[in-house]
Each structure stands twice: as structure tokens, then as C-alpha cells.
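Asker: With the sequences and hints as input, model every part of the structure.
Numbering (the working numbering), first residue to last: 154 to 597.
Certain hints may be false.
What the hints assert, rightly or not - Derived BS3-like pairs: lysine-lysine, alpha-carbon spacing no greater than 25 Å straight-line: (1) Lys267 / Lys569; (2) Lys246 / Lys267; (3) Lys486 / Lys267; (4) Lys246 / Lys315.
By construction, these hints were calculated from the structure, which means they are not laboratory data.
Bear in mind that the values here come from a model prediction, so they are computed numbers and not experimental data.
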Amino acid sequence: MVFEGFVEQVRFLSEFECSLYLIILALGVTLVLLLVCGMPLLLREDAHEQSRRDGVQEPAESAPGLWQNQEWQSSVHLSCQLGPNAGDEQHRKMVVIVTGAAGFIGLHVCLALKSRGHGVVGLDNFNTYADFSLKRDRQKVLSKHGVFVINGDINDALLLRKLFDMVPFTHVMHLAAQPSIRYAAENPGAYVHSNIAGLVTLLEACRRANPQPAFIWSSSSSVYGLNTKVPYSEEDRCDQPATLYAASKKAGEGFVHIYNHTHGLSTTTLRLGTVYGPWGRPDMAYWIFTKNILRGKEITIYEGPNNADLARDWTYIDDIVQGCLRAMETAQKSTGSGGRKMAPAQCRTYNLGCNNPVTLPTLISILELNLQVQARIRTVELPPNCNSPFMYSSVSLARAELGYDPSTGPEVGLKKFVDWYREYNGLPECNSCLTESSCLPEPS
154 MVFEGFVEQV RFLSEFECSL YLIILALGVT LVLLLVCGMP LLLREDAHEQ
204 SRRDGVQEPA ESAPGLWQNQ EWQSSVHLSC QLGPNAGDEQ HRKMVVIVTG
254 AAGFIGLHVC LALKSRGHGV VGLDNFNTYA DFSLKRDRQK VLSKHGVFVI
304 NGDINDALLL RKLFDMVPFT HVMHLAAQPS IRYAAENPGA YVHSNIAGLV
354 TLLEACRRAN PQPAFIWSSS SSVYGLNTKV PYSEEDRCDQ PATLYAASKK
404 AGEGFVHIYN HTHGLSTTTL RLGTVYGPWG RPDMAYWIFT KNILRGKEIT
454 IYEGPNNADL ARDWTYIDDI VQGCLRAMET AQKSTGSGGR KMAPAQCRTY
504 NLGCNNPVTL PTLISILELN LQVQARIRTV ELPPNCNSPF MYSSVSLARA
554 ELGYDPSTGP EVGLKKFVDW YREYNGLPEC NSCLTESSCL PEPS
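Answerer: Structure representation (C-alpha cells):
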């Protein structure tokens, strides 16, 4: 009937009008077919292109059918096996997936979990934002300690679903994120892709899991934004982020709360201070200062209004790991089943810092002492669009409820970093030749 009606309409058109009508109709049908059949491929290509721009290496392991590989499955299950010392009187048995496992904090958290006998498997997309070789070296360390790191992306919903089907995770430790405040200004899409979209994809995997795991993740003290009251408290306002990175983390906190409130997911948000230590990130100030001081190059530091020194909550990695583990050990079980909330679930937020802000001049003087080289310093004014010049958080709540007790001062922590930095880069102990470029390989 439709075709007969169409012919009846065409009968009254001129030959030219009829041809034009048929061409337009054919183009319309072609467009519809392209949209229906080709859109998934186009979207996939757009996602790959976005990943490429964000510095994400396409992971071979997340290819369809990977989980059917027996060797891969065996590696995952072996990594998740509990050790003989798991589940003693002090520590409950945990099987944990750690995202961002080849990152700075992820490495140390995985090692700490494994040393306590817990089952742990890592997930990392090995992006090229930071030093790729450093990530691979971290992966090698984890492999030596029996931790398998999957090369995959938290935005890969199918991979996550298969993993959660394979292993009944008790906890998710979500540390994967696009870091760096400065990088965000030129690459905002990377932060939405990882810190928001990736987080939601992971939360969905947790919601669908049966049983649901407890969800612990790293937010940031930068969510306090333009607050001038210090130390920051968990009850302080967080509606004035100063950077895109901070905004992405605050948005993430909102999504985490929704999944707790709506789906019964047990959630713990950890607002971390400025973390430093061995195996750290090459884009961090203490790493850049160390590298340039050793090369005899000038370092640039910012100062606040009225020549005020900048201060940050420099927190040693071992203290942060202690807080992460205590958060996991005290996390209650989720109350959702089949994606539905059956009862109210635990929802917590804690600051993890050192509770003792360190100024940049103090940081540099400690580095000079350990490097035995005097820094060449250039001081510039803090740009108006940056975070507050003086930032640190109160850890009284984490101390009271988690038993969190940061105990590593900057003198001890920075010495450990410098010792590791020398060893990792193969630098000589000879201080007399530290500023002679002919005596030094270019450090990372």
C-alpha cells in the first residue's frame, strides 16, 4: 500500500521532479542506513581518537575475547589468590582490584596488599602522559611480587564486566586518574574521559557485581578550591574549584555519592594531599627540582601575595598507603543486590595528608642538603588562576576513625626519595661532579 501510494504521487510529477524526488529519497535511505549500521563503528573510532589525544595507549589485552585466553585467566586468578597470612586477627581477607596500578600510589598500595597476603590484581592503561618507561618499570616490580597488571582502560565496560564475573572482588581501590593541574588547561577532554566517564563506568561495574564490592577511591584536597580557611575540614565547602582537575574530582565525588545513595554501594572518598616519595611522578615539583638541581639548572618557584611562601601538604607515600589500607580494612560491605539498594550503605569522606604544611623554600633546602648542591632559584609571582598559596588539611577525622597516623617528616621522606632517585637513574655518589654534565647521564 505504501509503495502504491508513492507511485500515485510520482505519476503527477514531471520527469525532472521525479528524478530529483528519487535522488533525495535514495540519499535519505542511505543516510539512515549509515546511522543505524555505521554509528557504533564511528563512535568506537571517535573513542580511540580521543584516547590517542589523551595519551592513552590502546591496550591489546582489552581486545574482544581476551578473557577466553586460559593463560590470561590463570594470571588473574593466581594474582587474586590469598596468601597464608591473610585474614588474621588484625586484617580481614580482601580480594582487591586496584586501578592505576602502574602509577605512583597504585604501585605502593598493591605491594602493601600483597605483602599482607591479600589477593590483588591491577588495572592500568599505561598512558603516555608521564614517563612510559617508568610505568613499565613499576609493572616489573609488581610482577616480581606476584601482582598481575592488566593493560586495560576503566572506560572499557565489557572488560570490567568480565573481570567482575571472573573474580568476586571484596574491594575496589580506584586510583586511576588523569593527574596534573597544569596539563588540564590544554587537555580538558582527558580529565572528563578519565576522571568522570571512567569513574562512572567503574561504578556501573561495581553496581552490577554480585556481591557488590566496597568502593574506595582517591579524590584530592584540591576540591577545597578557593577556601582560605586552613586547615581544611571534611565539612568545608567544596563548591569553588580553582582548576579543571579539582572540578573533575568534585564531580566524581558527586557520582560516588549517587551510587551510594541509590544503589547501596559502600563508598569511601579519600582527599589526598600532595604525595611524594620513591617511584613518584616526574611532573611533580620535588622531582623537577631534584633533576634540575643536579644538572645545575635554574629552578622556578612561585610566591603568593606580599612575598608569602607557598606551602603544601607534602605527604610521604608510606603514610598515604597506611591510610588507604585502613580505609579498606574498615570499609563495610555494600548493601545492594542485583543493582538495587537493599539498605543504607556506609558513605565516608576523609582527608589524608601530613597535617604539617611544608613551604617551598623548606622543601628546596632539604633537597639541597641531601643532594649537596646549592639550587639556583628564580622566584615569580603566583598566577591568579592557581590554587590557594597555603594548602593543608586536618586529618583529625581519619586519625579518630581509621587510626591514620602520618609519621614521616620531609627530612626523612625526601632523603628516601633522593636515595632512590640516584639509584634508579644510575647517578654517581661523587658530589664533586654533580654539576658537570659530562659526568652525569641525563636523569629521568
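Asker: Take a quick look at whether Lys486 and Lys267 sit within 25 Å of each other, Cα to Cα.
Answerer: holds (21 Å)
Asker: Compare the distance between the alpha carbons of Lys246 and Lys267 with 25 Å, and conclude whether the hinted pair is satisfied.
Answerer: At roughly 11 Å apart (the allowed maximum being 25 Å), Lys267 and Lys246 satisfy the hint.
Asker: Given the hint that Lys267 pairs with Lys569, test it: the Cα-Cα distance must not exceed 25 Å.
Answerer: holds (22 Å)
Asker: Sort out whether Lys315 lies within 25 Å of Lys246, counting only the CA atoms.
Answerer: It holds: about 22 Å lies between the C-alpha atoms, which stays within 25 Å.
Violated hints for the displayed structure: none, as all numbered hints are satisfied.
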